[in-house]
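2 protein chains.
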Amino acid sequence: MKRSFLFLILIPVLAHGQDDNLTQFVNPFIGTDRMGHTYPGATVPFGMVQLSPDTDTIPYETGGKYNPDVYRYCAGYQYDDNTIVGFSHTHFSGTGHSDLGDILLMPTAGKLQLNPGTADAPEKGYRSGFSHDTEMASPGYYAVTLEDHNIRAELTATTRVGVHRYTFTGGGDAHIILDMMHGIYNYESKNVWTFLRVENDTLVTGYRQTNGWARTRTVYFAIAFSKPVESYGFANFSPAQVYRGFWRRFDQRTGFPEAAGAKIRGHFDFSTIPGEQITIRVALSPVSTAGAVDNLTAEAPSSDFEGTREAARVAWEKELGRVRVKMMNSDQTVNFYTALYHAFLSPTVYADTDKRYKGLDQNIHSAAAFDNYTTFSLWDTYRALHPLFTVIQQKRTADIVNSMLAHYDQSVHHMLPVWSHYANENWCMIGYHAVPVIADAIVKGISGFDYTRAFEACVTTARNGWYDGLDDYMHLGYVPDESTGSSVSVTLEYAFDDWCIAKAAGALRGKLINADTSLAGEFLRRSQNYRNVWDASTGFMRPRSAVGGFRKEFDVLSTHGQGFIEGNAWNYSLYVPQDPDGLISIMGGKKRFVEHLDSLFTMDLPDSYFAETEDITREGIIGNYVHGNEPSHHVPYLYNYAGESRKTQYWVRQIMDTKYLPAPDGLSGNDDCGQMSAWYIFSALGFYPVAPGSVRYDLGSPLVTEAVINLENGNSFTVTAVNQGPGNVYVKKVELNGKKLDRLWITHDEIMQGGKLVFYMK
Amino acid sequence: MKRSFLFLILIPVLAHGQDDNLTQFVNPFIGTDRMGHTYPGATVPFGMVQLSPDTDTIPYETGGKYNPDVYRYCAGYQYDDNTIVGFSHTHFSGTGHSDLGDILLMPTAGKLQLNPGTADAPEKGYRSGFSHDTEMASPGYYAVTLEDHNIRAELTATTRVGVHRYTFTGGGDAHIILDMMHGIYNYESKNVWTFLRVENDTLVTGYRQTNGWARTRTVYFAIAFSKPVESYGFANFSPAQVYRGFWRRFDQRTGFPEAAGAKIRGHFDFSTIPGEQITIRVALSPVSTAGAVDNLTAEAPSSDFEGTREAARVAWEKELGRVRVKMMNSDQTVNFYTALYHAFLSPTVYADTDKRYKGLDQNIHSAAAFDNYTTFSLWDTYRALHPLFTVIQQKRTADIVNSMLAHYDQSVHHMLPVWSHYANENWCMIGYHAVPVIADAIVKGISGFDYTRAFEACVTTARNGWYDGLDDYMHLGYVPDESTGSSVSVTLEYAFDDWCIAKAAGALRGKLINADTSLAGEFLRRSQNYRNVWDASTGFMRPRSAVGGFRKEFDVLSTHGQGFIEGNAWNYSLYVPQDPDGLISIMGGKKRFVEHLDSLFTMDLPDSYFAETEDITREGIIGNYVHGNEPSHHVPYLYNYAGESRKTQYWVRQIMDTKYLPAPDGLSGNDDCGQMSAWYIFSALGFYPVAPGSVRYDLGSPLVTEAVINLENGNSFTVTAVNQGPGNVYVKKVELNGKKLDRLWITHDEIMQGGKLVFYMK
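Chains W and E are the protein sequences, given in the same order.
Quick note on numbering that gives the first Met the number 0: the first sequence kicks off at 0 and runs consecutively.
Quick note on numbering that gives the first Met the number 0: the second sequence kicks off at 0 and runs consecutively.
Fair warning: there could be bad hints in the mix.
Each pair may be met inside one copy or between any two copies, as identical chains are not told apart.
Claimed, not checked - Straight-line alpha carbon distances no greater than 27 Å define the calculated DSSO-like cross-link-like pairs of lysine-lysine that follow:
(1) Lys110 - Lys123
(2) Lys64 - Lys226
(3) Lys646 - Lys731
(4) Lys110 - Lys262
(5) Lys732 - Lys317
(6) Lys226 - Lys761
(7) Lys262 - Lys189
(8) Lys262 - Lys510
(9) Lys510 - Lys732
(10) Lys394 - Lys189
(11) Lys325 - Lys761
(12) Lys551 - Lys732
(13) Lys551 - Lys394
(14) Lys354 - Lys755
(15) Lys64 - Lys262
(16) Lys755 - Lys732
(17) Lys110 - Lys731
(18) Lys732 - Lys761
(19) Lys394 - Lys123
For the record, the hints were derived by calculation from the structure and aren't laboratory data.
What you are looking at is a predicted structure, and each value in this text was computed from that prediction instead of being measured.
So that you can see chain W by itself, here it is in the shape it has in the complex (with noise of 0.2 Å):
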């Protein structure tokens, strides 16, 4: 197994202690090899650029039917591959589908061609071979060497604009290839429009329209050559036009500067002496060509590579520095700086520097009072990554706020985004997410967006009757079997959000009109409707028909076609994050309740759920609880209401050691926007969110052997592990500020107070 093999990594003797250079611990490819869907590419934290290398293009169809193998390539960059294509600009982290890799430049010798060619014969195309002998990714900065073209790149980028630094080693003819068809992966319409102007004979800008994840997609671009031009042209691989009329008098592939099609490649040639550098800054912008130029002057105003590097490492230093351990040895310390560095790439700022950007409506909007900000996978997000935001990003929780309260803003269908990058709402998965953000941002006391405003969003959200299965659930009390495939999946989320927004109502209560108690009631009771889909008889939740009775044919093992969405019923019958008690209640009270969880972690499943299930794999589960994927992610947590929390200890602990390693295929699932980064934090430092919207945070077992919590209001908490040990799992005591703590939990406020919390391990 290829996972034995662990990702080797220079770490300096002082690794695992306390040091100003945290970016050492930050190792890139974690994650780049299968499941992790991770890149390893340059970009800042939240940054608008991930500048990152494509290994390969994949067609999304074949013979008409989606690829599988497309699915390896969300973030364009896979560790076993012996290519690279180019270097793209834009890489979602961790998902289960894609939709970018936008503004792909590739340096070439030689001969110039403009096809990709393919991994079998890189030669046929530009594209090059490249060992990882020569490849090296630190935060902010990236490097490889294309082998086929004897070509050193180097790759940086500030929040908006990417650098690349390419040594032409041996020098000669040098083609900078411009490929506005690829993407991540690839299809015939996939590019709805492209344009492009040589502006000057350093100055290229353009945009990508496109029809994919987001159905109505634009990304401008403004590239800086660090000199001149010496020619340049254009191949137009679009269907001719019909209208060509006096264009025709036109030799438009060489030498002329503007260039439109869906399906365009450019190249910009160079005569280089042996050694010489060429630096290419390229800006991105959601509003237009005008708005990356301006990006461009802003932030990287001059071909400073070192030092554009230097400060891309410095903001990452900054980031990282929110939270300092000492932890039981390297490969645990490298693994926790990886998960705030994958924690801190989404979401990811969408709006130029003069705050400007495109709204969900496609007009163009100004963030004047916020940081907007898109990459919204909050099916996934909201359960750990948002909450840690709560602790360690309370300024750009409002921000994230206040770009969710812009979207519902720009919503014609009056809804908080689902999932949403771009501008766009790509509808993905299910529920309201954007609700336990909001709310735990209300409950937790966060500053910074108007509570009135976001909590009025919260309740029209959760009132969209047209919204799948809402309408049924409002007046049945769940979301009927005939209404989707995965109701049970969407009643019991459906619950969950609505709690918070009880929650939140309650946190409210006498400062706004709206959160009255018929509100809260009106939500607390819904929260309650988990119960509606709970089939006493087999123990499992279980989808229901709209006149009442449970599915007949059912299998609670089985991922598809069962009522639940990427999970069975083992799993998410345990999705009542909101009322432990009241699930332990209906399972038959504590001691069956414990029995159903051991069962869960222990179980042998049939190699047929593996064959079926796109975003679970072995790696990613213990016996039939799923770490892999996000709806079970609080589950470990759940002994601690049923008066086992040494059990909750043994398999918090079990995770961390087993299910994140330092190595690129050391993620046993989709990163998903930072959410199995953001369970590993919270779970080394020792307690984590079970219910977001709630102040509370239930303690596991840490892994830290010290952490200091850097906190926005200048307090720091810190948590301390006493007599910890790889084989000291459990917690015998734990104290808050010198006090003995009588409870399982910990509080925000007791967080943001800052404070000690001990650890006594045994």
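Got chain W; can you put chain E on it based on the hints?
Using the frame of chain W, we list chain E on its own:
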């Protein structure tokens, strides 16, 4: 011959006298049959919206080849047709190509039908039969009864808003069809993308992005209904989107408020009582849907159809009142004011009410200091339309020049517009005829634009070596035959444009650093390049190869493949408006020159001539003189330069009498954005700008009995024809301000100073 049937219009008895009601003399149907390519719909002067019925929608290609039928439909309407497809919001007036017909609405009653049907079987689609008996058009107003649906449709407009009023005479189920697939003519890939949002039950927004004559064009809109929509839906005829994912949960056909794709038709459904009226306001924007909503609010805040109609009429009265004429008969009055009406349709406003517009670089710009215009059919309109504007639209002339300079600033080619519309350069026809427009404005002292910037833009444009043989032209003194199929036409027109630069340099001498003697000299030399394509052996301009020899095979009558475009050697050889004396000299003196002109006007053309030439018809010619197309428009006035002014007077009058008839088929060629009309207006007033760029207007034979030109400077210039009569075509004597004029021209200043020009006719 249908032209003999003069269109009936109700002309009051005071028809050919002065009156405050000038709109009554405008017949928008003139030119709507066959060659005129005008449209009868509703628009205000220079309006962004031209809301007009489309009588068919034609496939641009049949069997993969250009479908010659599309030529007839440049304005969307052909008077011969019996059905109306609907009412779209953008139309060119008089062009020989189109691109528009955006945002088609069609009201229907009864069964919902989402296809347009065919002219033969309108009942199979949403289109309707109609009769001219029920049709009515006047400036800013159009009405027709849609017989198949028993609906009275009325249209009016503001600058940026089209207003529809539909009377559902029979009541019942009513539908408003919104056909985003419709265009003046269509082809598979014309729509790049369309986007629609039902913002609420009275407001729909969206945009249409096309790839046509304009390569990258987007029209944004907002539609407001006077009555809440009861139900609605969209049919998406686009190929199935590859990524559908979680969109599959939603029925997007009915009641789903957002639609996107290349091919969409929508319907908005209402119940109506007999006689019920629904008013629909449709605002356009070049910027965004938000811009369209703002335009709607600014220009048509309520559904006040009658108020909008009256405002449109008043706007037209104001513009038409710039010239008040008495003619010999009502036909001439209708001809004159309809010509003035057609002259005031283009260029069109291209900016939101907040002054923002989309530029050639696809960025949003603000025309803070001027009104931005588009639709520059410059090969046509530099000849007489823009000179007309220097007399009676000076403020607009400055704005037009400013709009051209904005285009130039945004042009990656560093070119002034050639044929430009909707933030695109379509490169149609030849030359750089923004130059004569700008030079004319400089020479005539039009204020309101920056002369330095304007002059530099002209010089830079004229030195753009990459453009259409210009590099060869600058080196060889002519465009060689190898360089373009229109080498002689291009050479002649470059030479004229260059003379304009020399004239502007002369006017600016001492005022601008760059307009120095050497620059004036350079372009004056270039203006003599017409001599380099003169073949004395044949007595015609003739294509030359780069090494110098004239082309061997040469047909002086053919308009195809002879080195000319839309003209033959007979006509184009006279294209030296900048130096008629020089032309007369190389043609062998005045006597030979007059003989040549006489032959031109009297010779017989073979049938083959008409078969091959799309833009030239028998109706448009006199002998071999082509009035139905532009290159010879100055020719009748050339007799003046050879001592035969009586022949100028004769032929000018002959052309006015026979080539302009007040009937649907009354125009002898495409009106070409007002150029044909401007020729008529000038000639009817008794003078014509043979060479824009000079201050001279050559005298002809006035058609007016009296005319008062009300100038923007407060002066008025009066033209009187004493002893005017249908047979009195010759001018015995001319007096200017009471003094006998001993020359055959007047100057621009003489007009601007106000005064009286009296022709004594015989």
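Status of each hint after checking the structure:
1. Lys110 - Lys123: within (11 Å within a copy, 58 Å between copies)
2. Lys64 - Lys226: neither (45 Å within a copy, 45 Å between copies)
3. Lys646 - Lys731: Within one copy, since 13 Å is at most 27 Å while 117 Å is not.
4. Lys110 - Lys262: within (22 Å within a copy, 42 Å between copies)
5. Lys732 - Lys317: neither (33 Å within a copy, 91 Å between copies)
6. Lys226 - Lys761: Close neither inside one copy (63 Å) nor across copies (74 Å); limit 27 Å.
7. Lys262 - Lys189: For lysine 262 and lysine 189, both the intra-copy (10 Å) and inter-copy (16 Å) Cα distances are at most 27 Å.
8. Lys262 - Lys510: neither (55 Å within a copy, 49 Å between copies)
9. Lys510 - Lys732: Neither: 39 Å inside a chain and 91 Å across chains, both beyond 27 Å.
10. Lys394 - Lys189: neither (36 Å within a copy, 47 Å between copies)
11. Lys325 - Lys761: Cα proximity of lysine 325 and lysine 761: one copy only (18 Å, versus 110 Å across).
12. Lys551 - Lys732: For lysine 551 and lysine 732, the Cα distance exceeds 27 Å both inside one copy (48 Å) and across copies (106 Å).
13. Lys551 - Lys394: neither (50 Å within a copy, 80 Å between copies)
14. Lys354 - Lys755: neither (39 Å within a copy, 60 Å between copies)
15. Lys64 - Lys262: Both. Shortest intra-copy (22 Å) and inter-copy (23 Å) distances satisfy the 27 Å Cα cut-off.
16. Lys755 - Lys732: The answer is within: 14 Å in one copy meets 27 Å, while 109 Å across copies does not.
17. Lys110 - Lys731: This pair counts as neither: shortest intra-copy Cα distance 69 Å, inter-copy 77 Å.
18. Lys732 - Lys761: Intra 9 Å, inter 121 Å, cutoff 27 Å: intra-copy only.
19. Lys394 - Lys123: neither (50 Å within a copy, 61 Å between copies)
Of the numbered hints listed earlier, those contradicted by the structure are 2, 5, 6, 8, 9, 10, 12, 13, 14, 17 and 19.
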